[in-house]
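Next come the chains, spelled out residue by residue.
2 protein chains.
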Amino acid sequence: MFATLKFAALLLAVVVCWATQDYDYNDAEIDEEPTLGDSPYGSLWPLPQKVQISTVVFKLSGASFHIFDAKASSSGASCRLLQNAYRRYDEYIFTSSRKQGQNKSKKALASDMSELQVWITSADSECDSYPSVTSDESYKLSVDSPVAVLKAPKVWGALRGLETFSQLVYKDEYGAKSINRTDIHDFPRFAHRGLLLDTSRHFLPIKVILANLEAMAWNKFNVFHWHIVDDPSFPYLSRTFPQLSQHGAYHPYTHVYTPSDVKMIIEFARLRGIRVVPEFDTPGHTQSWGKGQKDLLTPCYSGASPSGSFGPVNPMLNTTYDFMSMFFKEVNTVFPDAYVHLGGDEVDFSCWKSNPDIQKFMEQQGFGMDYSKLESFYIQRLLDIVTTTNKGYMIWQEVFDNGVKLKSDTVVHVWMGNKVEEELQKVTEAGFTTILSAPWYLDYISYGQDWQKFYRAEPLSFKGTDAQKKLVIGGEACLWGEYVDATNLTPRLWPRASAVGERLWSDRDVRDLNDAYSRLAKHRCRMVQRGIPAEPLFTGYCAHEYKGV
Amino acid sequence: MFATLKFAALLLAVVVCWATQDYDYNDAEIDEEPTLGDSPYGSLWPLPQKVQISTVVFKLSGASFHIFDAKASSSGASCRLLQNAYRRYDEYIFTSSRKQGQNKSKKALASDMSELQVWITSADSECDSYPSVTSDESYKLSVDSPVAVLKAPKVWGALRGLETFSQLVYKDEYGAKSINRTDIHDFPRFAHRGLLLDTSRHFLPIKVILANLEAMAWNKFNVFHWHIVDDPSFPYLSRTFPQLSQHGAYHPYTHVYTPSDVKMIIEFARLRGIRVVPEFDTPGHTQSWGKGQKDLLTPCYSGASPSGSFGPVNPMLNTTYDFMSMFFKEVNTVFPDAYVHLGGDEVDFSCWKSNPDIQKFMEQQGFGMDYSKLESFYIQRLLDIVTTTNKGYMIWQEVFDNGVKLKSDTVVHVWMGNKVEEELQKVTEAGFTTILSAPWYLDYISYGQDWQKFYRAEPLSFKGTDAQKKLVIGGEACLWGEYVDATNLTPRLWPRASAVGERLWSDRDVRDLNDAYSRLAKHRCRMVQRGIPAEPLFTGYCAHEYKGV
Numbered sequence: 041m042f043a044t045l046k047f048a049a050l051l052l053a054v055v056v057c058w059a060t061q062d063y064d065y066n067d068a069e070i071d072e073e074p075t076l077g078d079s080p081y082g083s084l085w086p087l088p089q090k091v092q093i094s095t096v097v098f099k100l101s102g103a104s105f106h107i108f109d110a111k112a113s114s115s116g117a118s119c120r121l122l123q124n125a126y127r128r129y130d131e132y133i134f135t136s137s138r139k140q141g142q143n144k145s146k147k148a149l150a151s152d153m154s155e156l157q158v159w160i161t162s163a164d165s166e167c168d169s170y171p172s173v174t175s176d177e178s179y180k181l182s183v184d185s186p187v188a189v190l191k192a193p194k195v196w197g198a199l200r201g202l203e204t205f206s207q208l209v210y211k212d213e214y215g216a217k218s219i220n221r222t223d224i225h226d227f228p229r230f231a232h233r234g235l236l237l238d239t240s241r242h243f244l245p246i247k248v249i250l251a252n253l254e255a256m257a258w259n260k261f262n263v264f265h266w267h268i269v270d271d272p273s274f275p276y277l278s279r280t281f282p283q284l285s286q287h288g289a290y291h292p293y294t295h296v297y298t299p300s301d302v303k304m305i306i307e308f309a310r311l312r313g314i315r316v317v318p319e320f321d322t323p324g325h326t327q328s329w330g331k332g333q334k335d336l337l338t339p340c341y342s343g344a345s346p347s348g349s350f351g352p353v354n355p356m357l358n359t360t361y362d363f364m365s366m367f368f369k370e371v372n373t374v375f376p377d378a379y380v381h382l383g384g385d386e387v388d389f390s391c392w393k394s395n396p397d398i399q400k401f402m403e404q405q406g407f408g409m410d411y412s413k414l415e416s417f418y419i420q421r422l423l424d425i426v427t428t429t430n431k432g433y434m435i436w437q438e439v440f441d442n443g444v445k446l447k448s449d450t451v452v453h454v455w456m457g458n459k460v461e462e463e464l465q466k467v468t469e470a471g472f473t474t475i476l477s478a479p480w481y482l483d484y485i486s487y488g489q490d491w492q493k494f495y496r497a498e499p500l501s502f503k504g505t506d507a508q509k510k511l512v513i514g515g516e517a518c519l520w521g522e523y524v525d526a527t528n529l530t531p532r533l534w535p536r537a538s539a540v541g542e543r544l545w546s547d548r549d550v551r552d553l554n555d556a557y558s559r560l561a562k563h564r565c566r567m568v569q570r571g572i573p574a575e576p577l578f579t580g581y582c583a584h585e586y587k588g589v
Numbered sequence: 041m042f043a044t045l046k047f048a049a050l051l052l053a054v055v056v057c058w059a060t061q062d063y064d065y066n067d068a069e070i071d072e073e074p075t076l077g078d079s080p081y082g083s084l085w086p087l088p089q090k091v092q093i094s095t096v097v098f099k100l101s102g103a104s105f106h107i108f109d110a111k112a113s114s115s116g117a118s119c120r121l122l123q124n125a126y127r128r129y130d131e132y133i134f135t136s137s138r139k140q141g142q143n144k145s146k147k148a149l150a151s152d153m154s155e156l157q158v159w160i161t162s163a164d165s166e167c168d169s170y171p172s173v174t175s176d177e178s179y180k181l182s183v184d185s186p187v188a189v190l191k192a193p194k195v196w197g198a199l200r201g202l203e204t205f206s207q208l209v210y211k212d213e214y215g216a217k218s219i220n221r222t223d224i225h226d227f228p229r230f231a232h233r234g235l236l237l238d239t240s241r242h243f244l245p246i247k248v249i250l251a252n253l254e255a256m257a258w259n260k261f262n263v264f265h266w267h268i269v270d271d272p273s274f275p276y277l278s279r280t281f282p283q284l285s286q287h288g289a290y291h292p293y294t295h296v297y298t299p300s301d302v303k304m305i306i307e308f309a310r311l312r313g314i315r316v317v318p319e320f321d322t323p324g325h326t327q328s329w330g331k332g333q334k335d336l337l338t339p340c341y342s343g344a345s346p347s348g349s350f351g352p353v354n355p356m357l358n359t360t361y362d363f364m365s366m367f368f369k370e371v372n373t374v375f376p377d378a379y380v381h382l383g384g385d386e387v388d389f390s391c392w393k394s395n396p397d398i399q400k401f402m403e404q405q406g407f408g409m410d411y412s413k414l415e416s417f418y419i420q421r422l423l424d425i426v427t428t429t430n431k432g433y434m435i436w437q438e439v440f441d442n443g444v445k446l447k448s449d450t451v452v453h454v455w456m457g458n459k460v461e462e463e464l465q466k467v468t469e470a471g472f473t474t475i476l477s478a479p480w481y482l483d484y485i486s487y488g489q490d491w492q493k494f495y496r497a498e499p500l501s502f503k504g505t506d507a508q509k510k511l512v513i514g515g516e517a518c519l520w521g522e523y524v525d526a527t528n529l530t531p532r533l534w535p536r537a538s539a540v541g542e543r544l545w546s547d548r549d550v551r552d553l554n555d556a557y558s559r560l561a562k563h564r565c566r567m568v569q570r571g572i573p574a575e576p577l578f579t580g581y582c583a584h585e586y587k588g589v
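Just so you know, the protein sequences line up as chains A and B, in that order.
Taking this note's numbering, the leading residue of the first sequence gets 41, the next gets one more, and so forth.
Taking this note's numbering, the leading residue of the second sequence gets 41, the next gets one more, and so forth.
Isolated chain A (complex conformation) (with noise of 0.2 Å):
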């Protein structure tokens, strides 16, 4: 019953407070099952921050409606970006009722919900640029009839207005598309709500990654940190160095990204207003690096001699700066983004210190025996070479706790699962903006509805002035690649990390479960009937379930 769509109860409802309690991060008690029960926001997902919705419902004819341009709107038909994404929710609303032949010049019905028009307010619609961390997302949607109007100051709030009113439109008991008087005023809550995937301990065919950009869209994510290249290999199609990728891929044709590759994914994640955030993670995690790239990383020794291993990136040589510039220089011209993230984690010593040149040097440096000195050296120069690209750079949180020196808009990534809130309160305290990761590794899997567990985790609980939250600009939900690839990603993936999606874009008191349990399991149903194999909550059914295997 909790699978369908169902509002014929629906009282007039609006967004109340939820008198919760906040939980912890290592809040790990996740066995009461939410009771089922009809949420009075149907199968609203992530929550709009304030909602208004009637008992008085409208119908959708796939005949007649249509999804329009106001005439006020400062963005026209030639906007490539709203265009598709009317063809896009067009579809979603309408699959499978409108292919069955209706009669295309039916006139709407009095009581019929008859177009939705979408007007950008403000001058610059920014139709043609990509998406930042500053980008309006804000949109007011009002649903009456015959006329539902969508307001948004930029195109990026008329996209997260576009599925929300996608997910206002459901079946009546006999099948027929409806839709109540709604209104709506939404923005999120954190600017940055982002989804990391690993394309290096496991290859993901482009189709993966599409599809689940496609997902994260129905999610209001809008950050895709693509962890693009690890130890295990390098499938990142680099025109500097192509020779990074022919010897350190899995496969120097089947798996790797080729330019063009990298280019679709750009702009198949712009068009759903979503930044994609390169990761090039040094001076660790560079196995694969050295594949191709000879004397860039340590060689590492076994007593006197070289043992035919190698460690984290040379500090010690200028040919690694020089590489690495010219490196950095491709990033910045191949990915759009302001932001690019350098990594700067796990990074283990035991090479650099069987190393007897790095001892030498470490010795001329005056690091004495402390490595994080020398990691730091390493570390500070790369960002130097960074910031002459005009990038701004994210990093893991060891560089921040190892002490380098931080451009002021530096965004430090917390991933580590103990002493979250000290760390949190650190940084901000620091002056440095934030993302959270550590209460979302999704790679971890438990028996259970562990997707509680990570809509319980609250980013602002730890101590700290309004200033210091303030620096908290989202967070990001991490599913590292060991185990999951083509086979089993996104339905590891999907309803779990929309757990992380309502709580990085809804309201902080919105954290009732039975309540999202029943919008969850309908939103899930809803990606399932979009063609995302998105995992089951618990026990129950979709109306119409997964076609595939």
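Please note: incorrect hints may appear among the correct ones.
Just so you know, same-sequence chains aren't split out, so a pair can sit in one copy or run between any two.
[Unchecked claim] Distance condition first, Cα-Cα at most 30 Å in a straight line; then the derived DSBU-like pairs of lysine-lysine: (1) Lys431 with Lys447; (2) Lys247 with Lys587; (3) Lys331 with Lys400; (4) Lys334 with Lys369; (5) Lys459 with Lys503; (6) Lys587 with Lys331; (7) Lys331 with Lys247; (8) Lys211 with Lys331; (9) Lys413 with Lys445; (10) Lys510 with Lys90; (11) Lys180 with Lys99; (12) Lys447 with Lys413.
Think of the hints as simulated: they come from the structure by calculation, not from any bench.
Following the hints, position chain B against chain A.
For chain B alone, kept in the frame of chain A given last:
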């Protein structure tokens, strides 16, 4: 590297006994990663009982190679089961290479392998029979140029041998289909190698069931334990009692198995040497039965009046037994297997206790306050009913534990995680055949390589005589349906169930984790190439990644 099929450096190898210790059921240490490194047995899975692989390599040409009935075979072109299998394995072996338009008239070269002759040696091939627990699945496979010969007493062994043959074929470094001179003598360690799927908690579309039957055959499973109905839904469309699915299924048309669906599944399974054992679990787990069948379930009471909710099957009414007689008469005609699973697990007594009529009945029968006696009373009568249909039955262990009088050919299904060895001891001491599922609940997921835990379990590690051990006829991997449906069932099942497949087929001493890892990684890539989204064991890649999302 481990994901490609390479026999290049293969030495003459025979099966040796790995010197490994036995692990008990509760061993949960799965931290250590098995090291990579090619197995001398290539991608064989499950490992045959006796294998000799030589370094001599033959080529297979898609244009000239064929699978034929041997002239002396008792089974000819009229055996649809074998002809279907030949076509299937021809496709598996030559996928993507025959399509490329080779010259069909090309003659085999001297070093080519030109054909595989399949020779059924026993007078009755059993081509048109259903497989049973006593079916002979043994086969001998001799791969030599120009002809490979597969000898088997029955078609069942031929099916297993065809799979093994297909697993021996690999591409050499030039992409040429190759096979090494090989001698195999193979037979299963256990006669009952089952997989339980649950179509009640989530409905599984036919397509999903068929795909998984296919994968079962690749892993030499031979029993599909169809847990077809349970509390949440009743998707079995009964001819005699159509109201059961009409009211008890999630949806009366889209979420049911019609008689022709069931027939198709049974025939599809038969063609792969797989038995279909349906489970109709009573008296508990029957909530969905009550929706279409009035008075079947026990009304629960709240104080002196009925609460409106229902408990287990009502054991005191004659109508209950009349219903069961008719129902199982139908089951007997629909499902050809000699066994039906009657469930009998997890009966909750609270509803029976609340009901004054039941209380009175308990008194009349002299059961005192022992409700397990009431349960046994019901089960005993049910077993007698089923016995009259000439079916054998399987039951969950509680029925045995409660002292119900069982027919001597009853199969007791051990599933409870605690005291597994004691239970096996007791059941076999009492002279009953038994199958084991306790270590193989695949619905319980955890982070990491849990296939190793399933792989380590040893069914015969309990204390008992040889005669007792012989009563353990096998086991079943169980994938209960709370958290799986069409979106995620298949990748969650494979290759985790493959671990159970090898444990039940191969010699007891086949338990080297490194060797298993190497073979299983290749086996899972083969499953992916054949179209099943089997999930990865760990970081790595397949030459042909999954094409779906």
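Q) Honestly, which of those hints from before does the structure not fit? A) none
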